[in-house]
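Protein sequence lines correspond, in order, to chains A and B.
Under our numbering, the residue at position 253 of the first sequence is numbered 253, and the numbers go up by one with no gaps.
Under our numbering, the residue at position 162 of the second sequence is numbered 162, and the numbers go up by one with no gaps.
Keep in mind that a hint or two might mislead.
Because identical chains share one entry, a pair is satisfied inside a single copy or across any pair of copies.
Think about it this way: if two alpha-carbon atoms lie no more than 27 angstroms apart in a straight line, the pair counts; the simulated DSS-like pairs of lysine-lysine are [stated by the list, open to error]:
1) Lys277 with Lys13
2) Lys226 with Lys270
3) Lys57 with Lys16
4) Lys226 with Lys16
5) Lys16 with Lys270
6) Lys319 with Lys226
7) Lys319 with Lys230
8) Lys31 with Lys270
9) Lys304 with Lys230
10) Lys270 with Lys193
11) Lys13 with Lys230
12) Lys309 with Lys31
13) Lys57 with Lys184
14) Lys57 with Lys270
15) Lys193 with Lys57
For the record, the hints were derived by calculation from the structure and aren't laboratory data.
Protein chains: 2
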Amino acid sequence: MRNVYVLGAGITKYGKSTLTGRELALEASRKAIDEAGISATDIEAGFVGNAFSISEKQGHMGPIVMSGLGIPDAPASTIESACASGGSAMREGWVNVGSGVYDCMLIAGVEKVSQLDTITATTFFSYASDFIFEGACGASFPGLYAAIARAHMTEFGTTQEQLANVAVKNHENAMSNPNAHLHKRITVDDVMKSAVVADPLKLFDSSPFSDGGAAVILCSEDFLRKTSGKTSETVMIRGSGRAGGTGALHQRDDMTSLNAAVLAGREAFKRANLTQKDIDFAEVHDCFTIAELIAEEDLGFARKGEAAKLTQEGYTSLKGELPVNPSGGLKAKGHPVGATGVGQVVEVFDQLHHRAGGRQVENPRIALTHNVGATGASAVVHIFEMN
Amino acid sequence: MRNVYVLGAGITKYGKSTLTGRELALEASRKAIDEAGISATDIEAGFVGNAFSISEKQGHMGPIVMSGLGIPDAPASTIESACASGGSAMREGWVNVGSGVYDCMLIAGVEKVSQLDTITATTFFSYASDFIFEGACGASFPGLYAAIARAHMTEFGTTQEQLANVAVKNHENAMSNPNAHLHKRITVDDVMKSAVVADPLKLFDSSPFSDGGAAVILCSEDFLRKTSGKTSETVMIRGSGRAGGTGALHQRDDMTSLNAAVLAGREAFKRANLTQKDIDFAEVHDCFTIAELIAEEDLGFARKGEAAKLTQEGYTSLKGELPVNPSGGLKAKGHPVGATGVGQVVEVFDQLHHRAGGRQVENPRIALTHNVGATGASAVVHIFEMN
């Protein structure tokens, strides 16, 4: 596999949008193209991460995006891995450019769901569970992650206040992210007093339904040299990992860990030839507060049951040893499903280029993204380095 | 890129099924695994071609299939490119194995739509058009392909009887395919007298809504040698091509050709280092009869406007120079959207292994598959050789 570089990145504001999915994807894609300093016609092919565009009656989103960019000949398939659709699209971009099949690709991610009311959206999202056993029985994702949280609390003594700490930190980070869905500084008390969604998870433990688009340009070293005349000061993909887990929670031996994330993390670290200590910051999949703690444990940043302390002690804060979700994470930056995994890479791109404003991590060089589908039926981990 | 081999292939009966999508995908996958002589645990990862499983309330089909096979750790994303979803899944399998990322992959395709009534299914399928400009205005796929047919008739004098010839041939071929959806020998007169769906296309010009699953095992030369102790008498992917076209028909300069198929065909022939003369038979995307004629022209088997004669003169019949759709094609074998492109490869596998029974092509060694999404917004072409 050849080296693969992230030449440009673009993102829309996350939140409730009046734009259609295609318009969100196009806005992000055009920004990424501009940022990369290329023209759209340089793009040979693409992938679009998307899970629920059929809710706005538009499938086959790939060619719609490419046509909108004026490059209809360039093929683009949609990649769907539920909430890991964006990360999975990144992965296949890495494989396609790394293998030499293409020299320049667009990886976009998009979701538009604010036209759905909350009950319809939750039901629609539950189609990403093992529906026969879960969604159809009323177990939508808040309930499934609540079961995971309860298991973690029972096994390790994790408290609801410790979960709340994650929300407080990520809301704080999002205050400096102009593209974040939620700009609202909160306290542990606010979280504890917010409405119960699925006990023990409350409203402020949960990521919002967001609309949004994100896009990156991936390229080979040859293309990079031709375009920019350099290969240094460019973000490179150091490692990539992809793994699966059971569709349904009841098939798991252990509900306190997402095995797919463990395996994807191992593959990414192995390919990168790096260890946890090398990571300067991470964007992880905190669809619910419990998910951030489990992510830190699954990725080897904390021993099992000990992640809660990391947040409590400020280790994962913006100024801590290992900032986690400086963007605000899914929790506060927002969670436009298909865009989420690509949006994590946009944050890495901005941070490694030292242009993250008030949420800038101090001198980062190596970063990790962690994107999960459903309750861990899919997971994708990438490691990036400023070259 | 390394050589990529098709080690096993499996398919369900196409038609109206009482099984769920996951069951259809699992049935085909288990057959492919058995045929390959491997165990499921040899599979490292997969892709599932699927477009409309949300209509049965199940997204995230990849992990559902892998879990069902007892290999939940092996990741699988869904690839959606409308009716080219299966071919696109094949393409990414080729890239992943060819690049050395994996040595053994499952590529499955599946669709389950018979729970929808015809109007709902047609509406659902129209989400794969450029919906804002087409589906929303009532232009569903029969109408869009009717416009294409009318343009071809106007430009080249193609007649409705010539379209009917395609249906007659493919229905005849399907008579010897036990897995075909339609077992009904028809005449040109039957086609001409069948109900008009979208003038000039009639019921017998149109492929049916089918349920079905198909799967293949792709592997590297190393894996093949380890498993079977040989690399000869195995089906190899000689070439792969993938291209796009505008989402909407009104954006095209020419409606008598699908440019994506032209480009995908060129890439596949170039990678295979072969020409049209080398192809012993082809499985092409005849979602409507007009589509088979255009496919033959787009792929360079006939000059523009001259494909109709090929059918008329028996050139594309089972005993002709270039048998096209010996399986019966989408027209009569059936068209379970996500499965279609993978099912074409299953037919190639069976034909190249000389086990296609009454529809066996005479001594084939090299074959081509052609899979189209929407009205040519996506196209994928593969060329296979018996090694």
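Evaluated hints:
Taking the shortest alpha-carbon separations for Lys277 and Lys13, neither the intra-copy value of 32 angstroms nor the inter-copy value of 53 angstroms comes in at or below 27 angstroms. In the homo-oligomer, the alpha carbons of Lys226 and Lys270 lie at most 27 angstroms apart only across protomers (25 angstroms), although the nearest pairing inside one protomer, at 30 angstroms, exceeds that limit. Both within a single protomer and between protomers do Lys57 and Lys16 lie at most 27 angstroms apart by alpha-carbon distance, with minima of 18 angstroms and 25 angstroms respectively. For a Cα distance limit of 27 angstroms, the shortest separation of Lys226 from Lys16 qualifies neither inside one copy, at 39 angstroms, nor across copies, at 54 angstroms.
For the homomeric pair Lys16 and Lys270, neither the shortest alpha-carbon distance inside one copy (39 angstroms) nor that between copies (46 angstroms) is at most 27 angstroms. Taking the closest pair of Cα atoms, Lys319 and Lys226 never come within 27 angstroms of each other, the shortest separation being 38 angstroms inside a single copy and 52 angstroms across copies. Within a single copy, Lys319 and Lys230 get their C-alpha atoms no closer than 32 angstroms, and across copies no closer than 58 angstroms, so neither meets the 27 angstroms cut-off. Within a single copy, Lys31 and Lys270 get their C-alpha atoms no closer than 32 angstroms, and across copies no closer than 34 angstroms, so neither meets the 27 angstroms cut-off.
In this assembly of identical chains, the alpha carbons of Lys304 and Lys230 never lie at most 27 angstroms apart, being 43 angstroms within a copy and 46 angstroms across copies at closest. In the homo-oligomer, the alpha carbons of Lys270 and Lys193 never lie at most 27 angstroms apart, since the shortest distance is 43 angstroms inside one protomer and 64 angstroms across protomers. In this assembly of identical chains, the alpha carbons of Lys13 and Lys230 never lie at most 27 angstroms apart, being 31 angstroms within a copy and 55 angstroms across copies at closest. In this assembly of identical chains, Lys309 and Lys31 lie within 27 angstroms of each other by CA distance neither inside one copy nor across copies; the values are 39 angstroms within and 50 angstroms between.
In this homomeric assembly, Lys57 and Lys184 never come within 27 angstroms of each other (Cα to Cα): the closest approach is 33 angstroms inside a single copy and 35 angstroms across copies. Taking the closest pair of Cα atoms, Lys57 and Lys270 never come within 27 angstroms of each other, the shortest separation being 41 angstroms inside a single copy and 37 angstroms across copies. In this assembly of identical chains, the alpha carbons of Lys193 and Lys57 never lie at most 27 angstroms apart, being 38 angstroms within a copy and 34 angstroms across copies at closest.
Of the numbered hints given earlier, the model fails hints 1, 4, 5, 6, 7, 8, 9, 10, 11, 12, 13, 14 and 15; all others are met.
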